Amino acid sequence: MTEALLEVRGLTRSFGGLIATSEINLDVMAGETHAIIGPNGAGKTTLIGQLAGDLRPDAGTIRLEGEDVTGLSVSARSARGMARSFQITSIFPDFGALDNVALAVQAHAGHSFRFWRPARADISLRVPAHEFLEVVGLAGRADVLAGTLAHGEQRQLEIAMALATRPRLLLLDEPVAGMGSEESHRMIRFLSTLKTRQTIVLVEHDMDAVFTLADRISVMVSGRIIATGTPAEIRANARVRDAYLGEASLPC
Amino acid sequence: MARRLLVVLGFVGLGLVPLVAEALHQPFYIDLFRRIMIFAMAALSLDLILGYGGMVSFGHAAYLGIGAYAVGILAAHGIESGFIQWPLAMFASMLIALVIGAISLRTSGVYFIMITLAFSQMLYYLGISLETYGGDDGMPLRARSRFAGLVDLSDAHSFYYVVLGLLVLFLVVSHRLVNARFGMVIRAARSNEARAQAIGFAPFRYKLTAFVIAGSMCGLAGALLANQTEYLTPEFMHWTRSGEILFMVILGGIGTLVGSVAGAVVLLLLEQVLSSWTEHWQIVLGPILILVVLFARRGLVGLLPAEGRPRD
Numbered sequence: 001m002t003e004a005l006l007e008v009r010g011l012t013r014s015f016g017g018l019i020a021t022s023e024i025n026l027d028v029m030a031g032e033t034h035a036i037i038g039p040n041g042a043g044k045t046t047l048i049g050q051l052a053g054d055l056r057p058d059a060g061t062i063r064l065e066g067e068d069v070t071g072l073s074v075s076a077r078s079a080r081g082m083a084r085s086f087q088i089t090s091i092f093p094d095f096g097a098l099d100n101v102a103l104a105v106q107a108h109a110g111h112s113f114r115f116w117r118p119a120r121a122d123i124s125l126r127v128p129a130h131e132f133l134e135v136v137g138l139a140g141r142a143d144v145l146a147g148t149l150a151h152g153e154q155r156q157l158e159i160a161m162a163l164a165t166r167p168r169l170l171l172l173d174e175p176v177a178g179m180g181s182e183e184s185h186r187m188i189r190f191l192s193t194l195k196t197r198q199t200i201v202l203v204e205h206d207m208d209a210v211f212t213l214a215d216r217i218s219v220m221v222s223g224r225i226i227a228t229g230t231p232a233e234i235r236a237n238a239r240v241r242d243a244y245l246g247e248a249s250l251p252c
Numbered sequence: 001m002a003r004r005l006l007v008v009l010g011f012v013g014l015g016l017v018p019l020v021a022e023a024l025h026q027p028f029y030i031d032l033f034r035r036i037m038i039f040a041m042a043a044l045s046l047d048l049i050l051g052y053g054g055m056v057s058f059g060h061a062a063y064l065g066i067g068a069y070a071v072g073i074l075a076a077h078g079i080e081s082g083f084i085q086w087p088l089a090m091f092a093s094m095l096i097a098l099v100i101g102a103i104s105l106r107t108s109g110v111y112f113i114m115i116t117l118a119f120s121q122m123l124y125y126l127g128i129s130l131e132t133y134g135g136d137d138g139m140p141l142r143a144r145s146r147f148a149g150l151v152d153l154s155d156a157h158s159f160y161y162v163v164l165g166l167l168v169l170f171l172v173v174s175h176r177l178v179n180a181r182f183g184m185v186i187r188a189a190r191s192n193e194a195r196a197q198a199i200g201f202a203p204f205r206y207k208l209t210a211f212v213i214a215g216s217m218c219g220l221a222g223a224l225l226a227n228q229t230e231y232l233t234p235e236f237m238h239w240t241r242s243g244e245i246l247f248m249v250i251l252g253g254i255g256t257l258v259g260s261v262a263g264a265v266v267l268l269l270l271e272q273v274l275s276s277w278t279e280h281w282q283i284v285l286g287p288i289l290i291l292v293v294l295f296a297r298r299g300l301v302g303l304l305p306a307e308g309r310p311r312d
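Line by line, the protein sequences are chains A and B.
Per the working numbering, the first sequence starts with residue 1, numbered consecutively.
Per the working numbering, the second sequence starts with residue 1, numbered consecutively.
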């Protein structure tokens, strides 16, 4: 936990006159789970969009293991070990669950200019894909059309797809959003085992999830990070308490 | 399985057409079904990018024209060997598809439709301006492609089975393509492009490759069409022709491959039958097509008994 896996410096992005993220500095250490919290409109989604490559920053740099990835496309970042789940579930709805994960495996198994052998009979894709389905607990649903899975299952599937790219850094954008309490508890339990072997950046509104999972927390308000620290430090931080007044109160 | 059996039966039926036509003393049917199969190849190549890559090309007839003109122009200059003409027809279509695709694939949705349409209309007007090669009147093909005595295209049966053989080959190749890793990428990009990128695919080059493959396949159909009609005109590239090919795919069932063959058969047969009844046949055809689109959204193939979910 000494070297920063992800190093963000001076990241700024505005939309018209609105500054969504301003001079963000962020270090995510290898092995840690780093949560980013903040009230609605604080710029969390804009930040994760820039980390994943959907959005180009106006200024600033993003380094992954020392390499500048600021100018790289989404797929190029994926190739370098960044994977993400989306705030709004994003899967291939008209493919089976196993197909979804197999596609993620395929994307990291060399080029796909292979025109003849049926991909669905390709053991080198299907076997690892099945293992990742098992990891998230969806092995029994392998042949179900992904679009017909329950909401919670789709979120699990997204994580299986992200893991199948064997990422060095996992960006999770509100993984328990829209889940019932039982589903979200199951997801939090799963993530707490996952975090022991995976570096995670977690954007989440659910404070249970954040304080259960995070090793460190950064608090964003109005496009800036106003505090970074361990959960205990964040709980004790007066500025954070001010920022959250009127919002959901922090659990103690 | 039922569906596969129907496909096999359908092709056996196509294989028997020359014999039946002969027995009925109606050689015209050979000509008709050969034409149908040539359009089926064009429709099939469109389904490859439309049904699996989500690329609604509204200018697919351009490649028919390029393939046809490649054959016609070479023949006009005395090069009558099909071994030269046909590969060149495919190569020319490939190059044009590469240019059109590289530009139009940077857009999507309506813009993609409009750009492909614009390119094909440009080629249509280019054809009209080619005075040396008949301008807007077109020109006769000097002779059908020759294959060094191997097959004789002036023999109606030989030509018919060449076309049938190529159609089957195209169908098999397309089937392999869409189910191979390559096909999975373009299908994934069609399903959810943002997701495809997030898991690490760069879909553009795969989509462009598919676009180029489809273009060159349609170019070969164009080479066959020139031999079929023994006349070439810019009309081959007109946007209404692109629309017709598009409709064959929709009628048969988007993203089913065999559906586009069925669509070509049904549409062109309907056209044939209706136009023998009345010169205002389009008034009858129109409502029929509307009914199909309204009540058989997954096309003719969708009316067949389902085999789980459509995978092929």
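It should be emphasised that the hints constitute simulated quantities derived from the structure, not laboratory data.
A quick note: this is a predicted structure, and the numbers were derived from the prediction, not measured.
Every residue, glycine too, gets a C-beta built ideally from N, C-alpha and C.
Heads up, a few of these hints could be off.
Claimed, not checked - Partial chain A-side listing against chain B, Cβ under 8 Å, derived:
no., residue
1, Pro-118
2, Thr-165
3, Ile-188
4, Phe-190
5, Gly-229
6, Tyr-244
Claimed, not checked - Across the chosen pairs, the derived CB separations fall in these ranges:
no., chain 1, residue 1, chain 2, residue 2, range
7, B, Val-8, A, Phe-190, 43 to 49 Å
8, B, Val-12, A, Arg-56, 39 to 45 Å
9, A, Phe-115, B, Ala-118, 26 to 32 Å
Structure-based check of each hint:
no. : hint                                 : verdict
1   : Pro-118                              : holds, 5 Å
2   : Thr-165                              : holds, 6 Å
3   : Ile-188                              : violated, 23 Å
4   : Phe-190                              : violated, 20 Å
5   : Gly-229                              : violated, 30 Å
6   : Tyr-244                              : violated, 31 Å
7   : Val-8(B) to Phe-190(A): 43 to 49 Å   : holds, 48 Å
8   : Val-12(B) to Arg-56(A): 39 to 45 Å   : violated, 57 Å
9   : Phe-115(A) to Ala-118(B): 26 to 32 Å : holds, 30 Å
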